[in-house]
Amino acid sequence: MTELNYGFKKRILRWRLVVFFLFVLALILIACELCFGSVSYPIGDVIKVLFGETIDGVSYAVNNVRLPRMMGAVFSGFAFGMAGYVFQTLLHNPLASPDVIGISAGTSTAAVFFILVMGFRGSIVSVLAMIFGIITALVIYRLSVIKGHFTYGRMILIGIGISALLRAVTSYLLAKAAEYDVGTTMQWLSGSLNGVQMEDVPALIIVVGVITLILVSLTRHMEIIPLGDNFAVALGLNTGFTYSVMIIGAVILVSFATSVTGPIASVAFLSGPIASSLAGKGKSCLIPAGFVGTVLTLGADLVAFHAFPVHYPVGVVTGILGAPYMLYLLIRMNRRGVN
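Going by full-length UniProt numbering, 103 is the number at position 103 of the sequence shown; the sequence numbering is gapless.
Treat the hints with care, as some may be off.
[Claimed, not checked] So the derived label-pair ranges between C-beta atoms look like this:
#1 L165 - N238: 29 to 37 Å
#2 K176 - I124: 48 to 56 Å
#3 D56 - L327: 27 to 35 Å
#4 A203 - L138: 28 to 36 Å
#5 M198 - L165: 16 to 24 Å
#6 I43 - K9: 50 to 58 Å
#7 S244 - I146: 13 to 21 Å
#8 D56 - L330: 15 to 23 Å
[Unchecked claim] No more than 20 Å apart at the CA atoms, straight line, and that leaves these computed lysine to aspartate or glutamate pairs for EDC-like:
#9 K9 - E179
#10 K283 - E199
#11 K10 - E223
#12 K281 - E223
Calculated directly from the structure, the hints in this document are not laboratory data. The beta-carbon is built from N, C-alpha and C at its ideal position, and this holds for glycine as well.
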């Protein structure tokens, strides 16, 4: 019993150290995001501006350009990270990420349709895109149930097919759109923080905050789910209710974040595995996955802005990170004979 208690305390300590490390790393990246750009500003001036002081040149750049961009990166990255971890945990498959199984594609297609065809702008696009993301998830789930039997693998394959179909629809909408709309839309589809406005941030914070509280309240359940559905039911877990709440919460997170920043590739896909490798098994990595998503998004945005002569969208850098990992994962699963 003493050894069990020691092992449990060791896992808790490791989890807390990982969260603390990721939090500090996120703060460092936030400071870099606010201080460095086309023109760099001292950290002291940035802090003064954040507390309401007006400094010529600095105030506009920080309040109107860098602060919305940073807030978008922090909260959208956190949302993508948690959503990816939820899907990968519930579906028992590291490929079961929202950007792989079609939910991000559903949100993106809806946003492109309402922007290019309907001419909508602002928060109404975010709300409608989120609703369409939820509808996409429901359609994928319904098509995955045959004769009352649901399998995780079937859902992933159907999601990949739906994603391909929706991307084709998006390409068609872009081909028919006016030329002056295509550039901005294509940049958004690449996953970009350039278009994040300060008026988008409060709603993003509220949605991410509320859903995070709901998901955190179910973390005990998430620690049981990897042991298998039969084991979870034997322990008295209402798997139907838990799965429904967590999947709906994850869909809302990824749909709303996508509607604000565009589909930032691979953040949801990478965050869960990275968090699990850092924090270890035996305890839910929901919060670490969220912080990993934030760190990935902030870090990729800094690289996209400063490492190249052209300022690429953040999704280009995260996509480059995600592609090799997916190939590695597929090769490893193939060698193990995983279906």
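Going through the hints against the structure:
Between L165 and N238 the C-beta distance comes to about 34 Å, which sits within the given range of 29 to 37 Å. The beta-carbon spacing between K176 and I124, approximately 22 Å, falls outside the hinted interval of 48 to 56 Å. Here the CB-CB span from D56 to L327 is close to 50 Å, at odds with the stated 27 to 35 Å. Between A203 and L138 the Cβ separation comes to about 23 Å, which falls outside the hinted range of 28 to 36 Å.
Separated by about 35 Å at the C-beta atoms, M198 and L165 break the suggested range of 16 to 24 Å. Between I43 and K9, the C-beta spacing of about 37 Å breaks the proposed range 50 to 58 Å. One distance hint, 13 to 21 Å for the beta-carbon pair S244 and I146, holds here, with the actual separation near 20 Å. The supplied range of 15 to 23 Å is broken by D56 and L330, whose beta-carbon atoms lie about 54 Å from each other.
Between K9 and E179 the CA atoms are separated by roughly 59 Å; this puts the pair beyond 20 Å, and the hint is violated. At most 20 Å may separate the alpha-carbon atoms for a hinted pair to count; K283 and E199 exceed this at roughly 36 Å. For the hint pairing K10 with E223, the CA-to-CA distance comes to about 16 Å; that is within 20 Å, so the pair holds. This hinted pair checks out: K281 and E223 have alpha carbons roughly 9 Å apart, not beyond 20 Å.
Hints 2, 3, 4, 5, 6, 8, 9, 10 from the earlier list are contradicted by this structure; the remaining hints agree with it.
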